[in-house]
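> Heads up: the sequence lines are chains A and B, in that order. Numbering-wise, this note's numbering comes out as the position in the first sequence, counting from 1, plus 2. Numbering-wise, this note's numbering comes out as the position in the second sequence, counting from 1, plus 2.
Derived by calculation from the structure, the hints in this document are not laboratory data. Treat the hints loosely; a few may be bogus.
The list treats identical chains as one, so a pair stands whether inside a single copy or across any two.
[Unchecked claim] As a list, the in silico DSS-like pairs of lysine-lysine whose alpha-carbon atoms are at most 27 Å apart: (1) K177 x K128; (2) K220 x K276; (3) K128 x K377.
As the structure is a prediction and not an experimental result, all values here were calculated from the model.
2 protein chains.
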Amino acid sequence: MSDKYVEVIPLGGMGEIGKNMFAFRYADEILIVDGGLAFPDAHMLGIDLLIPKIDYLQQNADLIKGWVLTHGHEDHIGAMPYIVPRLPRVPIYGARLTLGLLKEKFAEFGIKDTMVDLREVDPDEKLRIGKHFTVDLFRITHSIPDNSGMVIHTPVGRIVHTGDFKIEHHPPDGKPSHLAKIAAAGSEGVLLLISDSTNAERPGQTTSEAEVASTIDKIVSSAKGRVFVTTFASHTHRIQNILQIAEKHRRRVVMEGRSMIKYAQVAQSLGYMKLSHPLISTDEMGDLADDQVLFLCTGSQGQPMSVLSRLAMGTHAKLALKRGDTVIMSSSPIPGNEEAVNTVINRLYEIGVEVYHPPTYRVHASGHGSQEELKLIFNLTTPRYFLPWHGEPRHQVNHARLAQSMPTPPQRTIIARNGDVVRVGRDEFKVTGRVPAGAVYVDGLGVGDISDEIIQDRMAMSGDGVLIVTAVLHPTPHVELISRGFVKSNRDLEASIRKVAVEVLETGVREKRRMEDIRDDLYGAVRRFVRKVTGRNPVLIPVLVE
Amino acid sequence: MSDKYVEVIPLGGMGEIGKNMFAFRYADEILIVDGGLAFPDAHMLGIDLLIPKIDYLQQNADLIKGWVLTHGHEDHIGAMPYIVPRLPRVPIYGARLTLGLLKEKFAEFGIKDTMVDLREVDPDEKLRIGKHFTVDLFRITHSIPDNSGMVIHTPVGRIVHTGDFKIEHHPPDGKPSHLAKIAAAGSEGVLLLISDSTNAERPGQTTSEAEVASTIDKIVSSAKGRVFVTTFASHTHRIQNILQIAEKHRRRVVMEGRSMIKYAQVAQSLGYMKLSHPLISTDEMGDLADDQVLFLCTGSQGQPMSVLSRLAMGTHAKLALKRGDTVIMSSSPIPGNEEAVNTVINRLYEIGVEVYHPPTYRVHASGHGSQEELKLIFNLTTPRYFLPWHGEPRHQVNHARLAQSMPTPPQRTIIARNGDVVRVGRDEFKVTGRVPAGAVYVDGLGVGDISDEIIQDRMAMSGDGVLIVTAVLHPTPHVELISRGFVKSNRDLEASIRKVAVEVLETGVREKRRMEDIRDDLYGAVRRFVRKVTGRNPVLIPVLVE
Chain A
3 MSDKYVEVIP
13 LGGMGEIGKN
23 MFAFRYADEI
33 LIVDGGLAFP
43 DAHMLGIDLL
53 IPKIDYLQQN
63 ADLIKGWVLT
73 HGHEDHIGAM
83 PYIVPRLPRV
93 PIYGARLTLG
103 LLKEKFAEFG
113 IKDTMVDLRE
123 VDPDEKLRIG
133 KHFTVDLFRI
143 THSIPDNSGM
153 VIHTPVGRIV
163 HTGDFKIEHH
173 PPDGKPSHLA
183 KIAAAGSEGV
193 LLLISDSTNA
203 ERPGQTTSEA
213 EVASTIDKIV
223 SSAKGRVFVT
233 TFASHTHRIQ
243 NILQIAEKHR
253 RRVVMEGRSM
263 IKYAQVAQSL
273 GYMKLSHPLI
283 STDEMGDLAD
293 DQVLFLCTGS
303 QGQPMSVLSR
313 LAMGTHAKLA
323 LKRGDTVIMS
333 SSPIPGNEEA
343 VNTVINRLYE
353 IGVEVYHPPT
363 YRVHASGHGS
373 QEELKLIFNL
383 TTPRYFLPWH
393 GEPRHQVNHA
403 RLAQSMPTPP
413 QRTIIARNGD
423 VVRVGRDEFK
433 VTGRVPAGAV
443 YVDGLGVGDI
453 SDEIIQDRMA
463 MSGDGVLIVT
473 AVLHPTPHVE
483 LISRGFVKSN
493 RDLEASIRKV
503 AVEVLETGVR
513 EKRRMEDIRD
523 DLYGAVRRFV
533 RKVTGRNPVL
543 IPVLVE
Chain B
3 MSDKYVEVIP
13 LGGMGEIGKN
23 MFAFRYADEI
33 LIVDGGLAFP
43 DAHMLGIDLL
53 IPKIDYLQQN
63 ADLIKGWVLT
73 HGHEDHIGAM
83 PYIVPRLPRV
93 PIYGARLTLG
103 LLKEKFAEFG
113 IKDTMVDLRE
123 VDPDEKLRIG
133 KHFTVDLFRI
143 THSIPDNSGM
153 VIHTPVGRIV
163 HTGDFKIEHH
173 PPDGKPSHLA
183 KIAAAGSEGV
193 LLLISDSTNA
203 ERPGQTTSEA
213 EVASTIDKIV
223 SSAKGRVFVT
233 TFASHTHRIQ
243 NILQIAEKHR
253 RRVVMEGRSM
263 IKYAQVAQSL
273 GYMKLSHPLI
283 STDEMGDLAD
293 DQVLFLCTGS
303 QGQPMSVLSR
313 LAMGTHAKLA
323 LKRGDTVIMS
333 SSPIPGNEEA
343 VNTVINRLYE
353 IGVEVYHPPT
363 YRVHASGHGS
373 QEELKLIFNL
383 TTPRYFLPWH
393 GEPRHQVNHA
403 RLAQSMPTPP
413 QRTIIARNGD
423 VVRVGRDEFK
433 VTGRVPAGAV
443 YVDGLGVGDI
453 SDEIIQDRMA
463 MSGDGVLIVT
473 AVLHPTPHVE
483 LISRGFVKSN
493 RDLEASIRKV
503 AVEVLETGVR
513 EKRRMEDIRD
523 DLYGAVRRFV
533 RKVTGRNPVL
543 IPVLVE
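Generate coordinates for the entire structure from the input sequences, incorporating the hints supplied.
Structure below.
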């Protein structure tokens with residue numbers, strides 16, 4: 003490879019929101035940034051999560067010099083326990099909270115500290131990686147502390163990678179974005195900008211955490227009974243603010259939900275969450291009055307087993323909602339979860355609790371900047387080239403249009419896909435090839451053992467069920483029908499399907515046809531018949547026994 | 003039943019958006035309003051549509067005196083072909099377009115004109131139904147022509163039922179709402195108001211059709227290539243406006259998509275759609291230049307087989323999108339369709355066409371009024387009692403709060419559920435009982451042959467697939483495994499499952515246990531083993547043959 007350019011290779015996070023991962027290659031050195039997971043679309047039936055394909059990194063394992071993590075969210079570090087063991091042991095750099103959350107994951111997967119080379123860095127630290135890369139991290143605000151973007155100094159020029167960001171002037175941890183570092187890179191000249199496209203379609207400025215906190219504060223101050231708040235378990239900033247609001251109103255915080263408690267424990271043990279009173283569980287509430295408690299619980303996405311869903315459905319073992327309670331949904335549904343969240347909200351209204359949810363109430367704000375914040379980054383960096391990242395194609399394209407509307411627009415923008423090899427040099431910026439990329443399905447304990455055909459079968463069965471036709475081959479054949487998810491038991495229908503099957507089998511046996519051929523005939527005849535009389539197409543499985 | 007009150011019995015449309023149907027009963031007379039269908043939630047796997055349960059009407063069939071339809075949308079007339087044949091032949095009143103669309107449906111189901119008693123009425127007509135009901139229809143604007151609300155005069159007082167509505171001052175057919183009739187009822191005194199809650203959470207006024215038309219007009223006027231517009235097939239007003247815009251810009255309209263053509267044919271044949279040039283199909287385009295055509299097509303909800311989806315996926319037989327084309331999504335996703343619509347939008351961006359979609363562009367408006375319009379109805383009617391209808395619980399409750407915020411709020415509001423018997427008299431308004439209510443599933447050709455257990459089986463199979471263990475009972479048993487939607491073919495896993503099964507069978511045969519018991523043992527052992535080694539829970543079906 004020539005020393006005239008850097009190759010930027012997104013392995014996830016392009017054309018999608020999730021599984022963020024970049025490889026930056028210069029000559030014979032590779033720098034990796036992040037290793038996140040994605041959540042499945044509704045049509046990926048039964049899949050738990052998706053992780054990036056890393057064939058390219060495995061094929062070039064000896065070139066990897068280091069790995070930098072921007073922050074501790076699942077879509078940036080969630081794939082690490084799956085990926086790290088399959089790649090050589092290289093230094094993994096991350097801020098304290100990021101590594102704290104990562105270690106928690108590694109522990110769950112039985113990955114010992116000695117097996118990985120974790121190096122804690124300051125969110126503003128400058129790192130030397132390999133011979134050619136200098137990564138100058140800069141603190142930038144997002145919905146979790148210790149979040150960084152970076153200026154990657156390479157032999158061909160500066161690459162600014164924003165990481166996930168919004169511009170929060172009063173962040174809950176009192177540590178605003180280090181914009182001066184971005185501005186300095188801009189003055190010196192930025193070759194390429196990689197920027198967060200999540201909210202590229204939203205005009206204006208994203209609502210600030212301070213405003214959300216003030217809205218929640220007002221609601222809590224006027225609440226007469228118990229208050230329940232749900233938000234993303236990983237939204238450490240929001241949770242910190244809610245803890246302070248609870249304290250101000252002399253309410254003890256009861257935390258419920260495994261993932262939220264886990265995040266809180268890590269954040270607290272590393273000093274990222276300040277508490278005057280320890281968090282308690284429902285069992286430890288004692289005789290606190292209704293107006294002396296605030297519950298922080300999971301369920302912001304309507305997940306069926308989460309605390310808020312069980313409360314809404316009335317299936318929680320220890321708690322029941324009642325009139326006079328207040329529920330604050332301090333979150334928005336992630337695309338795909340709208341229906342589940344809506345169901346929970348409706349149940350809450352039915353119970354008669356006071357419900358506060360966005361957009362009617364400003365009880366949530368995105369962690370990603372809107373158009374005015376994206377424009378600020380363009381003005382600070384005025385990059386020669388631009389790669390809109392962290393977004394679906396609609397977000398990437400609208401981010402590109404926004405770039406084009408700037409007084410000094412980039413010379414060129416590329417809407418990249420995962421696996422594109424984007425070559426960037428002093429005077430070139432183009433896609434020069436492809437590496438393998440895409441998603442590996444994780445389902446139960448299996449990684450990669452689900453294919454698209456399996457998903458298609460699941461889809462078919464989810465629509466019309468399955469019908470199994472068992473027959474013993476014999477001159478007077480006996481046929482049994484078993485179905486699941488097809489139709490209610492119906493003697494007439496079963497008798498007529500059996501009749502069709504028996505005819506095919508009798509003919510087959512009489513004509514001494516091969517078993518495979520009889521099976522095919524049976525399949526075709528039953529399928530046609532079922533479709534005609536029921537209008538349905540169950541997955542049909544003939545089982546023949548000789 | 004006493005003559006002191008009317009019973010209002012919602013059989014659909016309360017606590018939900020869809021399958022609207024009311025029974026109004028006074029003494030020994032029943033008036034039915036509407037008979038709509040609903041579309042299934044995402045978790046109702048494989049279900050095509052839902053219709054209201056009508057047990058109450060069947061049990062009181064001889065009391066039914068008449069049936070009034072408010073307008074021709076699916077959620078108001080879509081269940082009629084299923085319901086009408088199961089009830090006595092009574093007069094069914096509807097405006098011309100409403101009955102035109104209904105006849106089309108009846109024809110599809112083989113219901114002949116002679117089997118039903120359809121009576122065409124003016125949208126402002128006054129009807130006498132039975133001895134006790136006088137239904138004074140009033141024209142009110144919505145997204146389809148010939149839409150009515152009604153003042154129901156009963157011996158105990160006036161009931162105003164808004165029907166679906168928004169207040170459109172410049173409707174495409176030039177026929178605004180007959181607000182004077184509502185106001186007159188208000189002056190005389192309204193006992194009960196039943197009003198459309200769909201947008202009760204939205205502040206302000208719903209965007210007008212005129213504004214949507216003006217936005218689309220601007221986009222079409224600046225488009226250089228072909229223009230594709232998708233909207234709801236039943237949105238006759240929108241389609242009429244788009245036809246005029248096409249004509250203004252000298253573009254021929256190519257209509258594609260079965261449902262849209264069907265609606266257009268009925269509307270056109272009855273004089274509700276004005277065309278200077280006949281609609282053509284893609285085959286009839288001849289050599290029209292790109293800037294001489296405008297395609298109107300189905301696909302506003304991302305339905306996989308719709309025209310726009312096939313265009314976006316590149317699977318349309320006759321047309322392919324290209325750069326320079328403009329696509330206008332003149333619609334919003336119905337809850338549950340967000341992901342499908344988002345997928346189509348992303349594909350369009352990937353192809354590189356110009357895409358216009360709400361909320362970024364005002365190319366769509368709801369057909370239902372927002373808070374200011376709802377308040378107008380309160381001010382015109384100042385009802386004694388209020389029944390928020392046509393909405394999920396969240397919409398009903400927020401509509402009730404809105405009512406309470408009025409200068410002269412209703413004395414009482416009831417958040418009713420389907421099946422509630424709401425008694426309303428001069429001085430009473432309460433729920434006094436329940437009748438059977440809920441949804442009947444329609445799936446393929448079957449109506450009511452799908453139970454909740456079947457849906458649960460479909461759900462289970464959609465997550466982890468199905469595993470069939472076939473065995474011949476024998477001292478040295480032979481076991482075969484068949485799976486669908488489980489995991490990729492895996493010899494080791496299959497061998498170890500077979501081993502577990504063979505052990506159970508050998509023991510069973512040796513101990514001469516009953517076949518049912520052996521089957522239970524087999525089920526338990528394989529299930530536990532599969533769960534342990536794969537972390538999954540496929541639907542397990544043991545098939546034993548002696």
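> Could you run down the list of hints and mark each one as holding or not?
Structure-based check of all given hints:
1. Within a single copy, K177 and K128 get their C-alpha atoms as close as 18 Å, which meets the 27 Å cut-off; across copies the closest is 69 Å, which misses it.
2. Within a single copy, K220 and K276 get their C-alpha atoms as close as 21 Å, which meets the 27 Å cut-off; across copies the closest is 55 Å, which misses it.
3. For the homomeric pair K128 and K377, the shortest alpha-carbon distance inside one copy (26 Å) is at most 27 Å, but the shortest distance between copies (60 Å) is not.
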